[in-house]
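Asker: Listed here are the chains, written in short residue letters.
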Amino acid sequence: MAMLEIQNVSKSFGGLSAITDLGFSVHEGEIISVIGPNGAGKTTLFNLITGVYQPDNGDVYFEGRSLVGRSPDQIVGRGIARTFQNLRLFTNLSVLDNVLIPQHHKIRSNWLSAVLRTPGYMRKEREIHETALEKLSFFGPRLMSFRLHQPVLNLSYANRRRTEMARAMATGAKLLLLDEPSAGMNPKETTEITQIIRRMRDEGGYTILLVEHKMNLVGEISDRVVVLDYGEKIAEGSYREVVANPKVIEAYLGKKASETEGGSDADEGSVIR
Amino acid sequence: MPQDRTVRNALLTVAGLALLAIVLYLVQEQGGTKLQQVFALFAIWGTAAVSLNLINGTTGILSLGHHGFMLLGGYTTALLILPELNRERIATSARSLMNEFTLSLSVENWASKLGLEALAAPEALWLRFIVAMFIGGLVAAAFGLLVGIPSLRLRGDYLAIVTFGFGEIIRLLASTDMLSSFTNGSLGYTGVPGLVGKSLWWTFGVLAITVFFMSRLKFSSYGRALQGIREDEVAAQAMGINLAYNKVLAFTLSAFFAGVAGGLYVSWLSSARLDSFLFFLTFYFLVAVSVGGTGSVTGTLMGTALVVFVLQYGDPLEQTYPLTTWVFAGGVLLALAALGTFVYRGTLRLRPRLNAAVYLLAALALLTVIVSYVGPSFDWLQGDFRAFGLRRIFLAVLLIVIMVFRPSGVLGRAEFSWAWLLRERRDEPTDEERAQDDWMHKAAAPVGGDEPRAAAHPLLELGAKDEDNGAGGEIDARSNRAGRTQSDEGRET
Amino acid sequence: MQTERRRRLTLSRLAPWLIGAAVIVAIMARIVFLVTQRDYNPSFFAGAMLQSLQLGSLYALIALGYTMVYGIIRLINFAHGEVFMVGAFISYYIFSRTPYAITWALMVAALSAFGLMYVVSLWRGRLTDPVVLGAGLLGFLSLTLTLSSSQLGWIAALLLSMLMTGVIGILLDRVAYRPLRGAPRISLLITAIAMSFFLQNAGVLAFTGNVTAYRPETSWTQTMQLQFAGGTIYASRVVILVLLLTIVLVVILNLFVTRTRLGKAMRASAQDPEVAQMMGIDVNRVIATTFLLGSMLAAAAGVLWGLSYGTLSQPAVMGLLPGIKAFAAAVVGGIGSLPGAVIGGLLLGFMENFFTALIPGVTQYRDTFAFALLILVLLVRPSGIVGEDLSEKV
Chain P
1 MAMLEIQNVS KSFGGLSAIT DLGFSVHEGE IISVIGPNGA GKTTLFNLIT GVYQPDNGDV
61 YFEGRSLVGR SPDQIVGRGI ARTFQNLRLF TNLSVLDNVL IPQHHKIRSN WLSAVLRTPG
121 YMRKEREIHE TALEKLSFFG PRLMSFRLHQ PVLNLSYANR RRTEMARAMA TGAKLLLLDE
181 PSAGMNPKET TEITQIIRRM RDEGGYTILL VEHKMNLVGE ISDRVVVLDY GEKIAEGSYR
241 EVVANPKVIE AYLGKKASET EGGSDADEGS VIR
Chain L
274 MPQDRTVRNA LLTVAGLALL AIVLYLVQEQ GGTKLQQVFA LFAIWGTAAV SLNLINGTTG
334 ILSLGHHGFM LLGGYTTALL ILPELNRERI ATSARSLMNE FTLSLSVENW ASKLGLEALA
394 APEALWLRFI VAMFIGGLVA AAFGLLVGIP SLRLRGDYLA IVTFGFGEII RLLASTDMLS
454 SFTNGSLGYT GVPGLVGKSL WWTFGVLAIT VFFMSRLKFS SYGRALQGIR EDEVAAQAMG
514 INLAYNKVLA FTLSAFFAGV AGGLYVSWLS SARLDSFLFF LTFYFLVAVS VGGTGSVTGT
574 LMGTALVVFV LQYGDPLEQT YPLTTWVFAG GVLLALAALG TFVYRGTLRL RPRLNAAVYL
634 LAALALLTVI VSYVGPSFDW LQGDFRAFGL RRIFLAVLLI VIMVFRPSGV LGRAEFSWAW
694 LLRERRDEPT DEERAQDDWM HKAAAPVGGD EPRAAAHPLL ELGAKDEDNG AGGEIDARSN
754 RAGRTQSDEG RET
Chain B
767 MQTERRRRLT LSRLAPWLIG AAVIVAIMAR IVFLVTQRDY NPSFFAGAML QSLQLGSLYA
827 LIALGYTMVY GIIRLINFAH GEVFMVGAFI SYYIFSRTPY AITWALMVAA LSAFGLMYVV
887 SLWRGRLTDP VVLGAGLLGF LSLTLTLSSS QLGWIAALLL SMLMTGVIGI LLDRVAYRPL
947 RGAPRISLLI TAIAMSFFLQ NAGVLAFTGN VTAYRPETSW TQTMQLQFAG GTIYASRVVI
1007 LVLLLTIVLV VILNLFVTRT RLGKAMRASA QDPEVAQMMG IDVNRVIATT FLLGSMLAAA
1067 AGVLWGLSYG TLSQPAVMGL LPGIKAFAAA VVGGIGSLPG AVIGGLLLGF MENFFTALIP
1127 GVTQYRDTFA FALLILVLLV RPSGIVGEDL SEKV
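Chains as they are written, first to last, in the working numbering: chain P, 1 to 273; chain L, 274 to 766; chain B, 767 to 1160.
Hints were generated in silico from the structure; no laboratory data involved. Glycine included, every Cβ here is placed at the ideal spot set by N, Cα and C. One or more of the hints may lead you astray.
If you want the ones that stay clear, here's a sample from chain L, every Cβ over 10 Å from chain P, calculated [what the hints assert, rightly or not]:
| # | residue |
| --- | --- |
| 1 | Arg428 |
| 2 | Gln510 |
| 3 | Trp653 |
Quick list of the computed label-pair ranges, beta carbon to beta carbon [claimed, not checked]:
| # | chain 1 | residue 1 | chain 2 | residue 2 | range |
| --- | --- | --- | --- | --- | --- |
| 4 | B | Ala792 | L | Phe553 | 57 to 63 Å |
| 5 | B | Leu992 | L | Leu425 | 46 to 52 Å |
| 6 | B | Asp1048 | P | Glu203 | 53 to 59 Å |
| 7 | L | Tyr586 | P | Arg117 | 38 to 44 Å |
| 8 | L | Arg622 | B | Val897 | 53 to 59 Å |
| 9 | L | Arg626 | B | Lys1030 | 38 to 44 Å |
| 10 | L | Leu640 | B | Lys1030 | 23 to 29 Å |
| 11 | B | Thr802 | L | Glu373 | 34 to 40 Å |
| 12 | P | Leu116 | L | Leu389 | 23 to 29 Å |
Just chain P, same shape as in the assembly (with noise of 0.2 Å):
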């Protein structure tokens, strides 16, 4: 039984077709990479499963049940947590808050406990800053210490990515969902992220689903790659066999290769390869 069921999505803004019949699942314990060309879909395929669209048609199932009607934080309580392709951390806030608040939806006290201080809001506190601590630990001491408290609009960029998948790891989600999690970072720190992703899953035991534009990433972790292009899925399965699939070739490299890749950083080299 899968974790995931995307089953017949589509999505339409206003006539425009977004993510058109879409299908495709994610088992337990599964690194999956959603990829194309820009426009293709991806981020919208997020917002659909994260709640923020709701699909036109279709359905998605999480662990038997269905999301469709329910809200962003409803859907982080069943266990689904996201980081943006754009950064959305809270900036004024330290590190650690911004690992803490993800947890609040772990306390189950209400506020006059809080302000109060009763022990059993008091131990479910320590343990959230337990667990804030311990998947900041995950990216090594570059978060810690006095990083703790210090805004996060002081840190580097890739510092901040460190921290918001630190974050949607705090939210206790089974299912991580990242938006091109080395956007904006150096081959070294593209290599760390890698081996990052795959510690969450060996490790942390989270089952991964990823857009990315970077292709040696996406070849050395994915267990299975979807390709998306104008919102509908043209090859799915090992990342050996979809770069060979003449689909994708051209969805990359066809006629309009000059107008989608432009900007991005993919590696289209490895394409080929």
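Add chains L and B to chain P, keeping to what the hints say.
Answerer: Okay, now just chains L and B, sitting in the frame of chain P:
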């Protein structure tokens, strides 16, 4: 020596509170009426401003309807506590629209009906007042719930206008025939007992409770959730924060304390009138919150102190002076503006520092000062002038200046701390940081219980080679600290 | 990316429409009731219609300022109602002294003409530009003529008040809003509120703390009698002036926005200020123009307000209610849209007037009604009747 500092800070805090208590005692027992009034007003407005800070500062929603919440709380309290004598006067008045039922609404009546003789006794007026104030807070909170609901659909400036509209509607409706049976229309209530609102112990007690509540809330998980909403609503929702619940919660809690402050305010004024609850009340609180520090409870209190001081002791500004004095004051202001521009250009490293604007302002200042000295020899500069409303103008200008030059207020979002006051540099890691560093280096010491993952940190080595973030292999807080970081002191973990 | 609203027909979605329908039904029932009464008089409706048009035109003039400023810098210019107040009082002080002695008229006209030339030269570049010279000459001649005339004083008051208030509008932007370009919109709104508070109290200081009778010498304030459907309508002649002037100003504004370079730059900036700046448009100048035009229209509304109602309430409160109602009108029409502001203004004038004229005993709810309408429109359809959705994009 972080240990010593903790002790020192605690001692300083205790000493500060003791000093405050002594000052309050002296003012209550020895001080003049004016001084007592000013102190009580500070506590009452402080309560309201701190509650406004929960919406405006912590949650980041500009709410402009606070005077409406205060009106509800104030009128409810006044109606429930009004002495029998004043009720009879209203009942016999021909202009009043109040009826039998509304005039019978009083804590005293309820207490004697329920057989609570102790509560109905004349000595227990203060207790009845507390009950009435609490009910007033609840009425305001109920309305806060209603006002909070639009925040689910609207954001930013539109929401601000809607809250403003609600605040004004309360006031406008209160004067109509429909609600005059409760509010006594434009006549309002006179003779509200002043024993609570004029007593420093009661007002400061309520303020202390409010400050305690609000700061505890701010540093709890709920406060963090609200701050998350302020920073980025979409991200907060994507991180599992229920926007609807939390926003409405903020409005409701804030309205409750505003209602309580309204109850104190009518007691301080000894009357409940519609023109005591105009929009300018909200404006003053907005000044207090913005000047002190949006989101900072202690900053809001500082701002309130400033506002109350200007309004209560600023009457020399509004007295009659000869015209030449005004011209002279204008010259001084112009000179200050010239100096300010000069300093401002200096701090921004703009060159030349003495630009045309500085020269122009300085020349105008000189000219004005000269005119003020030779003024008496001209006809048109003889006579007096009285500048009504200069205090309000001063507050408005202050708010504009703060918004332009320091939009987050004096304290910003941080709370007051001794380290901030003493301009302390934090050169040494805190105990907490030391503990974490130890934990990081002892790779096999899991804090998070029996998590096997915490034991192995292969990335510790990877991070050690990674120089670009400045983290380095050796975690040395000293080398990376950017000057003083003030936020830690006031924040309990 | 915006969190999508689920389209469900819940009570909370329907409630505003139900309220609206109930109000309309109540008004209709009242009209039917009046019609069936024996003393029914169609001229009653015609009179109410005229008054509504008058009030609506005034709201429309003020609303245009709100909508233009919001369209460009996304600021609810809370101080706009006070700008209207300032315009009304400036015109009062000029008006109440007419007719001027010819020497004074010449001096004031010359000074104002120079001011006008300076303002125009900000856009034309040089003082010797023919347009600038022409504007100066025209201003000088018309002001000299009207200031010294006993009947045409209102023209001078109108022109001078518009000019001076326009400059105040530019100053408002320069001093309070321009330093905050790029700041969070909430900071900008707080500044606008502070500015409104400042102008209210500065108005008390500079003008008066009392209610002022606005009864200068002009034949416009005389009453006229019109025969209509067997009845007589008594209306002030100023109705004609209000309608004519509103039409003229709106037409000029429309021509300016659609035909001139600056007007096109304005529309471009409203679309996207950053891109407009990159296309070589001086956005700060465009914004200053917007404030100038908006304040001039507000000043015109102020003059007409004084002529129409004969009194100016005290400066601290005068701007508030007309300002809020005009803002409501701008929102109803669709904020950011010029025709929307006019439609919204007229609509609000009609609703307010008919509401109070038809249903006895609701006069005390007149102001409440405006606030309620504002809240309702913001909640139900923030984009207004003709406007695009300008609410905050995530």
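Asker: Each hint should be assessed against the structure and marked as holding or not.
Answerer: Now for the hints, and whether the structure bears them out:
Non-interface status of Arg428(L) relative to chain P is upheld: no Cβ of that chain comes within 10 Å, the nearest being about 15 Å off. In this structure Gln510(L) is not separated from chain P by more than 10 Å, as the shortest Cβ-Cβ distance comes to only about 5 Å. Here Trp653(L) stays apart from chain P, with its beta-carbon at least about 54 Å from theirs, past the 10 Å limit. A hinted range of 57 to 63 Å for the beta carbons of Ala792(B) and Phe553(L) is inconsistent with their spacing of about 35 Å.
For the pair Leu992(B) and Leu425(L), the supplied restraint of 46 to 52 Å holds, since their beta-carbon distance comes to about 51 Å. With their beta carbons about 57 Å apart, Asp1048(B) and Glu203(P) fall inside the hinted range of 53 to 59 Å. Between Tyr586(L) and Arg117(P), the C-beta spacing of about 39 Å keeps the proposed range 38 to 44 Å intact. One distance hint, 53 to 59 Å for the beta-carbon pair Arg622(L) and Val897(B), is violated here, with the actual separation near 40 Å.
Remark: the range hint 38 to 44 Å for Arg626(L) to Lys1030(B) is upheld by a beta-carbon distance near 40 Å. Distance hint check for Leu640(L) and Lys1030(B): the Cβ-Cβ separation is about 43 Å, which falls outside the suggested range of 23 to 29 Å. Separation of Thr802(B) from Glu373(L) is about 39 Å and conforms to the stated range, judged on CB atoms against 34 to 40 Å. At roughly 27 Å, the beta-carbon separation of Leu116(P) and Leu389(L) lies within the given 23 to 29 Å, and the hint holds.
Hint compliance for this structure: hints 2, 4, 8 and 10 are broken, all remaining hints hold.
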